[in-house]
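**Student:** Chain A is already provided as a structure; the job is to place chain B on it using the hints.
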Amino acid sequence: MSNEAGKELLKIENLHAWYGESHILHGMELTVHEGEVITLLGRNGSGRSTTLKAILGIVGRRTGSIRVRGVEVINMPTHKIAHVGRLGYCPEERGIFASLNVEENLELPPTLAEGGMSVDEIYQMFPNLEERRYSQGSKLSGGEQQMLAIARILRTGATLLLLDEITEGLAPVILKSLDGVIRKLRERGYTIVLVEQNFRFAAPLADRHYVIEHGRVVEAIDAADLEAKQEQLNRHLSV
Amino acid sequence: MSIQVILAQALLGLNVGVFYAMLSLGLAVIFGLLNIINFAHGAMYMLGAFIALIGYSFMDQWFGISIQIGFWPSLIIVPLLVGGLGILIERTMLKRLYDLDHIYGLLLTFGITLILQGLFSNYFNVSGTPYPGQPDALSGVVNLGFMYFPTYRLFAIVFSLVVCFATWYVIEHTKLGSRLRAGVENPQLTQTFGLNVPLMVTLTFGFGAALAGLAGVLAAPIYSVSPLMGADLIIVVFAVVVIGGMGSIMGAILSGLALGLIEGLTKVFYPPAASTVIFFLMVLVLLFRPAGLFGKEK
Chain A
79 MSNEAGKELL KIENLHAWYG ESHILHGMEL TVHEGEVITL LGRNGSGRST
129 TLKAILGIVG RRTGSIRVRG VEVINMPTHK IAHVGRLGYC PEERGIFASL
179 NVEENLELPP TLAEGGMSVD EIYQMFPNLE ERRYSQGSKL SGGEQQMLAI
229 ARILRTGATL LLLDEITEGL APVILKSLDG VIRKLRERGY TIVLVEQNFR
279 FAAPLADRHY VIEHGRVVEA IDAADLEAKQ EQLNRHLSV
Chain B
-9 MSIQVILAQA LLGLNVGVFY AMLSLGLAVI FGLLNIINFA HGAMYMLGAF
41 IALIGYSFMD QWFGISIQIG FWPSLIIVPL LVGGLGILIE RTMLKRLYDL
91 DHIYGLLLTF GITLILQGLF SNYFNVSGTP YPGQPDALSG VVNLGFMYFP
141 TYRLFAIVFS LVVCFATWYV IEHTKLGSRL RAGVENPQLT QTFGLNVPLM
191 VTLTFGFGAA LAGLAGVLAA PIYSVSPLMG ADLIIVVFAV VVIGGMGSIM
241 GAILSGLALG LIEGLTKVFY PPAASTVIFF LMVLVLLFRP AGLFGKEK
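Protein sequence lines correspond, in order, to chains A and B.
Going letter by letter, the first sequence gives residues 79 to 317 in my numbering.
Going letter by letter, the second sequence gives residues -9 to 288 in my numbering.
None of these hints come from the bench; they were simulated from the model.
Note that the structure is a prediction, hence the values are computed from the model and not measured.
For glycine and all other residues, C-beta sits at the position ideal for the given N, C-alpha and C.
A couple of the hints might just be wrong.
Below, in silico cross-link-like pairs of lysine-lysine (BS3-like), each with a Cα-Cα straight-line distance of 25 Å or less [claimed, not checked]: (1) A:Lys254 <-> A:Lys217; (2) A:Lys158 <-> B:Lys85; (3) B:Lys165 <-> B:Lys286; (4) A:Lys217 <-> B:Lys286; (5) A:Lys158 <-> A:Lys85; (6) A:Lys217 <-> B:Lys165; (7) A:Lys89 <-> A:Lys158; (8) A:Lys85 <-> A:Lys262; (9) B:Lys165 <-> A:Lys158.
Non-contacting residues of chain B with respect to chain A, defined by C-beta distances greater than 10 Å in every case (computed) [claimed, not checked]: (10) Ala0; (11) Leu1; (12) Gly60; (13) Val153; (14) Thr192; (15) Ile225; (16) Leu276.
Isolated chain A, as found in the complex (with noise of 0.2 Å):
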């Protein structure tokens, strides 16, 4: 279900990344199109989660070429990078503000443009939240924090949405919805970014998957070669 004829939203060129003195990513080059679903997937330390932090501007130092919608941001400070994007970023650790609520959670981020999901539509999709609308960030479960951490940046208007390792120890019933929403997501016509361990989960998700080996794509296979490469993915993961 590959979307070429989709605008360019996000191209990323020759991008080098550094924490402090480690040179994460190497000359990383991807580009998504409008409307599609793509994965990262790698071991872990291969540099998927950083190149999801290099397009925010959230690591030590990046270099090379980071265009979102046409605009050049590798030297944009962070908070315009979300406003010129129209970015939504779930963060691997989830990132619920302890001391906020769900419903002070889900209003925190602001409004990056129109079209983006009302606080009843949220709970429509999901229902967990509503129940718990009044419940500190920290008492939710895993699951719930993961649910409200997408539907965080639902309510924004972002369009564009980076999501990492949302199905990170969480139990089989739970990433079945999440699934679901995932897939009503890409219905809705979001572009998602997904870094993902759990192979089986993203597989008949994405459009297209990109293989990331010490920070740089060493294999970008679409949906439909996914049978016939299936071996030579399975060596780059070592499943």
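**Tutor:** Chain B in isolation, oriented as in the chain A frame:
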């Protein structure tokens, strides 16, 4: 000992307490958001009182402008000026120290305090200059039934309480407040949502400084304006913040008020201990509840 004496001392204690509360509130806000122990807070308070005094008595002599800035306009102008200076200090100096240990911020602000104190000691008498600008509407006394209480002091108590609780309300119960709290908890993630955390930090520091400046204006008609007025108070205020719990907004307000009261009542029951009772309580709190009465254990 009559109940009147106790009530009178309690009210005078509360009067001191509102200054403790306002200053410790500013310190708590700044510590909570910036993780900086702002030793210059007392100097900002002193500066507030001096700017009010200069605006009222020295405009002609110093600047050749024959204008007298009265108490009411000072309540607005002075916090803006002191807040502006706070912003300047944060932007040009403090922001370079965020990645370093607390002690560097403390040392820098201690240095700023000494410079400001030195500057004002050069021009003004360290034993204090009276502020003559107390408005007529607030002169005289009010009959409270059990005692006559100076109208101005009553005004200072009520005004400070309103400012303190309004600040608490904004931080704890508004969207702006929740963004500030989020910025404290996880600045990096908060920025990825498109919130300008460095600007929030700067403005918050300015606001904390403005609160100290405002307390200085309120204090000017009660205490004489002296270059050391802030240094005398800031040590007690640090003890108040420690007792309330570093970074706790409500803790800072309530412990400020309570400790003012306790200090006032100690003057009735055992006057020699009045100036040390707060430090005694601080020692107890540090021994038995190190995070402070309202702080959360980490």
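**Student:** Now, for every hint given, state plainly whether the structure supports it.
**Tutor:** Hint check results:
Annotation: proposed proximity of Lys254 of chain A to Lys217 of chain A holds, straight-line Cα distance about 23 Å (limit 25 Å). Our distance criterion of 25 Å between C-alpha atoms is met by Lys158 of chain A and Lys85 of chain B, whose separation comes to about 20 Å. In summary, the hint linking Lys165 of chain B to Lys286 of chain B is supported, as the alpha carbons are separated by about 23 Å, within the 25 Å threshold. Taken as a hint, the Lys217 of chain A and Lys286 of chain B pair is honoured in the structure, with Cα atoms around 16 Å apart against an allowance of 25 Å.
Annotation: proposed proximity of Lys158 of chain A to Lys85 of chain A holds, straight-line Cα distance about 21 Å (limit 25 Å). Taking the CA atoms of Lys217 of chain A and Lys165 of chain B, the gap is about 21 Å. The hint holds against a cut of 25 Å. Taken as a hint, the Lys89 of chain A and Lys158 of chain A pair is honoured in the structure, with Cα atoms around 18 Å apart against an allowance of 25 Å. Restraint check for Lys85 of chain A and Lys262 of chain A: satisfied, since their Cα atoms lie roughly 20 Å apart, inside the 25 Å limit.
As the CA atoms of Lys165 of chain B and Lys158 of chain A are separated by approximately 20 Å, the hinted pair is consistent with the 25 Å bound. Against the 10 Å criterion, Ala0 of chain B stays outside the reach of chain A, whose nearest CB is about 34 Å from its own CB. Distance to chain A confirms Leu1 of chain B as a non-interface residue, since its nearest Cβ pair spans about 35 Å, more than 10 Å. Against chain A, the non-interface label of Gly60 of chain B holds: every CB pair exceeds 10 Å, the least being about 40 Å.
Consistency note on Val153 of chain B: stated as away from chain A, and its beta-carbon is indeed over 10 Å from all of that chain's, at 23 Å minimum. Chain A leaves Thr192 of chain B outside its interface by the beta-carbon criterion, the shortest separation being 13 Å against a cut-off of 10 Å. No beta-carbon of chain A comes within 10 Å of the beta-carbon of Ile225 of chain B; the shortest separation is about 30 Å. In this structure Leu276 of chain B is separated from chain A by more than 10 Å, as the shortest Cβ-Cβ distance comes to about 24 Å.
Going through the hint list in order, the structure satisfies each hint without exception.
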